[in-house]
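Can you make the complete structure from the sequences, with help from the hints?
Chains as they are written, first to last, in the numbering used here: chain A, 1 to 272; chain B, 1001 to 1343; chain C, 2001 to 2347.
Check before you lean on any hint, since a few could be wrong.
[What the hints assert, rightly or not] Restraint-style ranges between C-beta atoms, simulated for each label pair:
# : chain 1 : residue 1 : chain 2 : residue 2 : range
1 : A       : D14       : C       : D2127     : 41 to 47 Å
2 : A       : D263      : B       : N1002     : 55 to 61 Å
3 : C       : Y2312     : B       : T1323     : 53 to 59 Å
4 : B       : N1002     : C       : E2042     : 44 to 50 Å
[Unchecked claim] Computed cross-link-like contacts, DSS-like style, restricted to lysine-lysine with a CA-CA straight-line distance of at most 25 Å:
#  : chain 1 : residue 1 : chain 2 : residue 2
5  : C       : K2076     : A       : K79
6  : A       : K267      : A       : K200
7  : A       : K267      : C       : K2174
8  : C       : K2051     : B       : K1125
9  : A       : K212      : A       : K200
10 : C       : K2076     : A       : K23
11 : A       : K79       : C       : K2074
12 : C       : K2174     : C       : K2197
13 : A       : K23       : A       : K153
For the record, the hints were derived by calculation from the structure and aren't laboratory data. For each residue, glycine too, the CB sits at the ideal point set by N, CA and C.
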Amino acid sequence: MSEHLVPQTARITDIVKETPDVKTYSVQFSSGEAFSYLPGQCAMLSLPEVGEAMFSISSSPTDSPMEFSIKEAGSLTEKFHRLEAGWDVGIRGPYGNGFPLDMIRDKDLLFIGGGIGLAPLRSLINYCLHHREMHGDVHIIYGARSPQDLVFKRDLFENWPECERVRVDVTVDAGDEDWDGPVGFVPPFLEELDPDPKGKVAITCGPPIMIKFVVQSLDKMGYEHKDIVTTLEKKMKCGVGKCGRCNLGSKYICLDGPVFTMDQLDKLPEDY
Amino acid sequence: MNKVIEDLRRASGQLLQDGKVHQVVGWRRGRFFWQGSPHFVSDAGAVEELTYPPCAGGNLAKYLVDFARGQQPDDRQEEDSRAVALWTRGCESRAVNRLIADGVVQRDEVYLLGYTCPGVVDSEKLVRWLDGDGLQIEDVNWAEDDERVLLVETADGQRRIPADEVLQERCLRCTHPVPVDCDQLVDGEGKQPAPEDARFEEVAELEQLQGEERYEFWSEHFDRCIRCNACRNVCPACNCVECIFDSELPQQPDWLGKASSLSEKSQFHLIRMIHVADRCIECGACEVVCPVNLPVRKLMIKATADIDRLFGPHQAGLQADETPPLQTYDLQDPDVSHEGRGN
Amino acid sequence: MAEMQFMTHDQIVSLLQRFSEEGTVYAPTIVEDQVDFSSRWEAGELVQALKRGNSTLPPKDLFFPQTESIFRFKSKDRDLQIEPADPEEQKFLVFGVRPCDARSINMLDEVFGGPDFEETYYKRRRDNSVLATWTCVEPDQTCFCASLGCGPGEADNADIHFTDVGEGAVVQPKSEKGRQLLQDFGSFREAEVEEVKAAQRVVQKAEEQISLQAPVEGVDDALTDRFEDPVWGEVSASCIGCGICTYLCPTCHCYDLQSEVWGGEGVRYRCWDSCMFSDFTRMAGGENPRPTKRERIRNRYLHKFSYMPDRYGFYGCTGCGRCLAHCPVNIDVIEFLSRAKGVSPSE
Chain A
1 MSEHLVPQTA
11 RITDIVKETP
21 DVKTYSVQFS
31 SGEAFSYLPG
41 QCAMLSLPEV
51 GEAMFSISSS
61 PTDSPMEFSI
71 KEAGSLTEKF
81 HRLEAGWDVG
91 IRGPYGNGFP
101 LDMIRDKDLL
111 FIGGGIGLAP
121 LRSLINYCLH
131 HREMHGDVHI
141 IYGARSPQDL
151 VFKRDLFENW
161 PECERVRVDV
171 TVDAGDEDWD
181 GPVGFVPPFL
191 EELDPDPKGK
201 VAITCGPPIM
211 IKFVVQSLDK
221 MGYEHKDIVT
231 TLEKKMKCGV
241 GKCGRCNLGS
251 KYICLDGPVF
261 TMDQLDKLPE
271 DY
Chain B
1001 MNKVIEDLRR
1011 ASGQLLQDGK
1021 VHQVVGWRRG
1031 RFFWQGSPHF
1041 VSDAGAVEEL
1051 TYPPCAGGNL
1061 AKYLVDFARG
1071 QQPDDRQEED
1081 SRAVALWTRG
1091 CESRAVNRLI
1101 ADGVVQRDEV
1111 YLLGYTCPGV
1121 VDSEKLVRWL
1131 DGDGLQIEDV
1141 NWAEDDERVL
1151 LVETADGQRR
1161 IPADEVLQER
1171 CLRCTHPVPV
1181 DCDQLVDGEG
1191 KQPAPEDARF
1201 EEVAELEQLQ
1211 GEERYEFWSE
1221 HFDRCIRCNA
1231 CRNVCPACNC
1241 VECIFDSELP
1251 QQPDWLGKAS
1261 SLSEKSQFHL
1271 IRMIHVADRC
1281 IECGACEVVC
1291 PVNLPVRKLM
1301 IKATADIDRL
1311 FGPHQAGLQA
1321 DETPPLQTYD
1331 LQDPDVSHEG
1341 RGN
Chain C
2001 MAEMQFMTHD
2011 QIVSLLQRFS
2021 EEGTVYAPTI
2031 VEDQVDFSSR
2041 WEAGELVQAL
2051 KRGNSTLPPK
2061 DLFFPQTESI
2071 FRFKSKDRDL
2081 QIEPADPEEQ
2091 KFLVFGVRPC
2101 DARSINMLDE
2111 VFGGPDFEET
2121 YYKRRRDNSV
2131 LATWTCVEPD
2141 QTCFCASLGC
2151 GPGEADNADI
2161 HFTDVGEGAV
2171 VQPKSEKGRQ
2181 LLQDFGSFRE
2191 AEVEEVKAAQ
2201 RVVQKAEEQI
2211 SLQAPVEGVD
2221 DALTDRFEDP
2231 VWGEVSASCI
2241 GCGICTYLCP
2251 TCHCYDLQSE
2261 VWGGEGVRYR
2271 CWDSCMFSDF
2281 TRMAGGENPR
2291 PTKRERIRNR
2301 YLHKFSYMPD
2311 RYGFYGCTGC
2321 GRCLAHCPVN
2331 IDVIEFLSRA
2341 KGVSPSE
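Structural data, given as structure tokens:
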């Protein structure tokens, strides 16, 4: 009988410190068999004595091990940040719909991320780069508060730029003495780069306020809402559409989301 | 009482018309005779909606907390800093004093439209009063000719019942039907204040019980608690910005779980009792709102009685500049000389 | 077995007593002057308790307990062990359920059942239970079940239904479980034609007593695109943010997951939660998409009258009237429905 509120255990095999408050955890299921998942799907991670929360999976299903990037924000994530490799955590999932893989097939892809919002995008970016022939050009635009707040630096500055037909543009809200790249918020940076909407799908994730302005910028640049994809976050407890927290209208983020096109969101109440 | 209601309406209309206040908080009738709902009016033309129904539960002062913290739906412009007017009985005025003393509300943020409380009718008592005659109540109103009489409509015609016979227990023990502070007092007879020594009568019996019997008494009641938080939410003394019972404060542990176990339920009531004990104005709203009839007021009265004995006579909310006994330390406190009986 | 049987009150009590030897019986019991479904029901007071109005709390906690263990855990050094809670296998009979509450269980079956993730805890309890309903002989003033397509004598999803006709009850088994219950534990005889007619009259009389009506028809359409509407501020102004309406509601099913910890071990449990509570949707960082009572009441009403119809095809309301009867500030669901549909409450 499947007791879907009961997690399995998984061991942390590696921890990478991305920024002062973000760490990426590699996990290996104690049963030896990880659940299969799609880019954009999430899982509930728990330290049962503290709590449980939903995190997007930041690795691509084409890669192993499974990874989660966790920003310190509350009592649970604070405890996560004090863990070391070799510790066990609880894990259940996968939850949610994941990115619309059929819709983005053969399209040029514009990824726009902010802060820790790059985590779910990274899963899809690596997935697309693995299935390179199934997608067109990939343009990644990413920003964080400061150079030291940039996550996945190896991907941003080494792995991704080396791939074929991939362009990466990184900005920071405020630079420091070592930073010689662009400085400024993501939305104006995006408008300045002005990627052509033709044949393109824009996929964005970041703080809600950034998403709001990114969508306004995309509107100005001529993107249609059916071609803008985003992923939402709201408090979740059950992950299975019953506990009543994460609904947007009659849709549950944990079940029907977290990935929506702006077209879909336009029809839902703005309850986030 | 009808004249009092008329006067309250007129004064409310005037305050709104003069732009002195942005809203008036009073009462309106509910769908059934045993109901009375807090009601909010911001249009002088709508003051007729306000009334004082015989069964006007709760404590209106609690809404001042919501106004103060931006929790109350409110169409005001940001720069509009006018006061809110509150229909104020004795218990509401004492609650306002407490809220001022606790730093939640400023006196000039509220206009107290006072009246002497006629008491709140206990609908169950009223039903029992007529049960013997097998009569069902269709409606209840205040009599035109006598402020202290209720007119009860039944299928068998109208009955006159003296209000004092069917008041809620809390009102029978009320020492302050007249507001202790207000900006305007509407003339009316209201209810006679109860003598101060009546305050603790209800717990005398409880205090005779042995420890184990008392434990059993409270455990049986606490066990029926459904953790709905209504007693906390209606209580004017429960005005913390972050309540210890609310979970998921950033960087905070959950002090008490939501589990429906006797231990968690007992802790909820005991923590709340201790926390509000010296600031309880004895309005009894906690018990009125309880959906499963827990004697929550009795618990508070016991705490109030103990404080009264341990730290000297005290009634919360009589002045706005008071410091509650548990927030002061005085060598003269009776407990130091072991004269207290607060066990 | 013919479908209509007759049992005297004594026979009903002895059926419950016989069942009690193999499982638990929950039946209406008077506690502190209120009716509650309890396993400590009294044989001598059963008939009296059944004559009172509906229970203060619906029987939903028998299927969806206010608190229930999900798993135990133990962490030692770096190791974490997780062990699912023992399944609840006790058979039970819920007796005297009103048709409105039976209908709510039907709704919960949809919510906790498929197609997405079936809740095994809930399902196990449903499988292990027999639902015995009782015609609502004396509906309360606050009942408006008829407006929600329900009625005092109808209980489609009951296993067995009883209608009191004075000396005893006309009994109608409605499922295999119900038939089995009668066969295994009951003594009864076939109902006389007159008794069946008397039962019909009881139901009819009860139907006539339900005068309260809720203008619910089409309210889901009326609520479309009303997310930003003055009505939410108006209906929420007096709300004190307690959980009475949700905890007493037979269809409300929001829950929380929490842990009880002692040393390195503990229990993860599921417990009722309320969308009316201020911390319900507050996130770890402190931000809250439903920051005031306006947003919270809006979500509750829309959930019942717009989102549930959209997702499940029915209103999340049975017309049991508990919120109407027990809201400490008398927030009135019928008045809300009237406003939502733009009709005056008296129409």
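Now the hints, each set against the structure:
no., hint, result
1, D14/A / D2127/C: 41 to 47 Å, "holds (44 Å)"
2, D263/A / N1002/B: 55 to 61 Å, "holds (59 Å)"
3, Y2312/C / T1323/B: 53 to 59 Å, "holds (55 Å)"
4, N1002/B / E2042/C: 44 to 50 Å, "holds (47 Å)"
5, K2076/C / K79/A, "holds (16 Å)"
6, K267/A / K200/A, "holds (22 Å)"
7, K267/A / K2174/C, "violated (43 Å)"
8, K2051/C / K1125/B, "holds (20 Å)"
9, K212/A / K200/A, "holds (19 Å)"
10, K2076/C / K23/A, "holds (24 Å)"
11, K79/A / K2074/C, "holds (17 Å)"
12, K2174/C / K2197/C, "holds (18 Å)"
13, K23/A / K153/A, "holds (12 Å)"
Hint 7 alone, counting from the list given before, is not met by this structure.
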